[in-house]
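Enquirer: Modelling step: build the complete structure from the supplied sequences, incorporating the hints.
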Amino acid sequence: MDKILRIDMGAEGGPKASAVPVGPYAGLGGRALTSAIISKEVPPLCHALGADNKLVLAPGLLSGTIAAVSGRLSVGCKSPLTGGIKEANAGGQAAQTLARLGYAAIVLEGKPKDDSVYKVVINKDGVTITPDNTLKLLGNYALIDKVKQAYGDKVACISIGPAGEMKMSSASVACTDMEMRPTRHAGRGGVGAVMGAKGVKVIILDDSGTKMREPSNPAAFQEANKKWVEGLKRHAVTGEGLPAYGTNVLTNVLNEAGGYPTRNFSSGRFEGHDKISGETQAALEVKRQGSATHGCHRGCIIQCSGIFNDKDGNYLTKQPEYETVWSHGGNCGIDDLDAIAMLDRLDDDYGVDTIEMGATIGVAMEAGVAKFGDAQAAINLVHEVGQGTPLGRILGNGAAVTGKVFGVERVPVVKGQSMPAYDPRAVMGIGVTYATSPMGADHTSGYAVAANILNVGGSVDPLKPEGQVDLSRNLQIATAAVDSTGMCLFVAFAVLDQPDTFQALIDMINAFYGLSLTADSVVELGKSVLKNERDFNERAGFTSAHDRLPEFFKSETLPPHNVTFTVKDQDLDKLFNW
Amino acid sequence: MSARTTQTVVRISWQGENLEAFFPILREGVLLTAQTGCSIRRLLCDQLGIPGEYVDNRINTIFLDGRAVDDVDRSMVRDGSSLALSAAMPGLVGATMRKGGILASMRDGITHRGDNPCTPGKQGSLRLKLYNMVVSELGPDILKTGVLVEAGRIARLFADQTGDFWKACGACRVDDRQVEPAHLSKTLSQEGSDLVRLVVTP
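Just so you know, the protein sequences line up as chains A and B, in that order.
By the working numbering, the letter at position 242 of the first sequence is numbered 242, and the numbering carries on one by one without gaps.
By the working numbering, the letter at position 145 of the second sequence is numbered 145, and the numbering carries on one by one without gaps.
Hints are supplied without guarantee of correctness; some may be wrong.
The calculated label-pair distances, taken between Cβ atoms and stated as ranges, are [unchecked claim]:
(1) B:His183 x A:Glu551: 54 to 62 Å
(2) A:Pro499 x B:Asp115: 30 to 38 Å
(3) B:Glu191 x A:Lys311: 27 to 35 Å
(4) A:Glu179 x B:Gly152: 37 to 45 Å
(5) A:Asp310 x B:Arg74: 47 to 55 Å
(6) B:Gly152 x A:Gln289: 49 to 57 Å
In silico contact screen, one side only, chain B against chain A (beta carbon under 10 Å); selected entries [as the list claims (entries may be wrong)]:
(7) Leu31
(8) Ala84
(9) Met133
Keep in mind that the hints were calculated from the coordinates and are not lab data.
Note that the coordinates shown come from a computational prediction; the quantities given were computed from them, not determined experimentally.
Quick reminder that beta carbons are idealized off the backbone N, C-alpha and C, glycines included.
Expert: And the structure:
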């Protein structure tokens, strides 16, 4: 991973690729790399769909190695949804394959001079970029079937669906999984629209003839990885809970807490919660000969995913995650797992972010476009998006646009991006992260990584709202660091509780690169990522006024606890003081 | 429960591989008669016979009346309480819900603050909900001891079942009368009770 593949889609004579040394970006991976490139090379005031924006696809520092759970791909750009910097990431096979091909990143630059869609093929011998208009407006599933016919089922793909081609702000970038299905999406912030603006429909990664990346100190690396695997397997969440039920195990618990946003954030509890819970979902998957325990990429030992078959036992989609089940389920008043799975399949096929789409439908339902609880109407609305009808174009551009068009006041977004499945009135700490993250409302921006181990940001007073600002800061720093390793963020649970597992992660990086990082170095890495991102947003015109939750979270009480969001604005503004 | 509440006792001798079919009612919540006015720990350990180590190390997430509990010794169970038990949860918010966790302040607004001691030893009823790993691990013993469930919910549970469920039902008794499994729903409907005391024995 000592080179960056730059593809100028607007070059004279057609798109041109050149592999260049990583240069000033050496030592960075994943989110650290995408945000460094965007922050340094993209004019913050450029149009997100214009030639000056760049789309950066970067595996993590440990992707392509034998390190367990190291297969996340970071996708960065200026976001068409938020107008700020964006990093979205996904599992699947792409990160491991790209890393083994030796690339620290692919950077898509410029803009094609015609409206052709392009296919990029990368293998050990080089890169070919060819227009292929037979791929135009294909859904991700049909697209990948076509790739499979031409290139076999051992390649990995990074692609967009029709929503990306139509440059919708909710468009995702899809990565294929172990079965070569386009089920793993870098969903947030409209990264797929930027890929669409570059005219790239699919990137095909063929790593045949390449080897696993070699560590600087193989013995130390293997030993650290052994401890890493043991730590992940030992922990109750990564070793038991996630493999058994997936992330949707949270539905019943969040509902019990009264923090499960229901019917467009009008209540904290959904009466149909158990019908769509992880426990029910897992039992249904097993009953239909699917699977409740499945990895999204080779080398994953957490196995939080699954296979969801339809009533006839045929594959429909991967196991929908908690956020997806929530967004299309409780948030829309829908308690039918089959309908939710169909919505997940359609989202993946058309290539849209499941959180943004579900939140948008919730806003549309509040506006009376459809009734809460009407699953068929929700399915029809997603088809409108995929087909690019006038209504679909509105919905495909997210909850904020939809709320404006239909005159809805209760629109759960920050910086234009929809909130995920946790109501910030019940869990105020996550509200702080929603408000202040450079990414917009994002549940993965401040993850549960070892605030106690890293001890960053000073002491925390747990009984004061401002203490939540300190915690959120610590978590955002630590998350930025983990996102840079290529590790799945779910490792956070084991790292949070088991200092030896956190140390094993650092040891792996050190053994691979011949470094001597400490926990402090990890904190500094996380801080530098956040600083880059914050700096970009400031230059793009963001101020503290953008670090706020929508007004209704302060004025509308959330049943059943009847709580509001009470963290003061001046406390939110302290988050980036370090 | 009012004095006029009527109950029917249903005993099922279960011959299936596991008791998963009954878990939805445990997740939605069942009524337990217990000595209230005690701490959560006393209820779980002394009355339900759950080992203290399991309470401390496995039941990582607890809600009392919908509020996240940090201290099982300070939060008191009262007549009419609702108690939900879960293993450790994934995700940032899952971690914030953990009892006594470092991130507990993030859900400060919905934290159960603990109580002053209330009248101990008073017989009362509470609603118990078991989720995820906890329902798999504690569910069988709880079902064996017996739980009270609203009759309408039991009727819905039976209505949702297919042939495999009925094949796994061995001997069934309704108020000490032998009943064919296939006739359970009809018999319960004829009884017309408000509550069903369900006892399932593997």
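Enquirer: Each of the hints needs a verdict: does it hold here or not?
Expert: A quick look at each hint next to the structure:
| no. | hint | result |
| --- | --- | --- |
| 1 | B:His183 x A:Glu551: 54 to 62 Å | 58 Å, holds |
| 2 | A:Pro499 x B:Asp115: 30 to 38 Å | 34 Å, holds |
| 3 | B:Glu191 x A:Lys311: 27 to 35 Å | 34 Å, holds |
| 4 | A:Glu179 x B:Gly152: 37 to 45 Å | 43 Å, holds |
| 5 | A:Asp310 x B:Arg74: 47 to 55 Å | 48 Å, holds |
| 6 | B:Gly152 x A:Gln289: 49 to 57 Å | 32 Å, violated |
| 7 | Leu31 | 17 Å, violated |
| 8 | Ala84 | 5 Å, holds |
| 9 | Met133 | 6 Å, holds |
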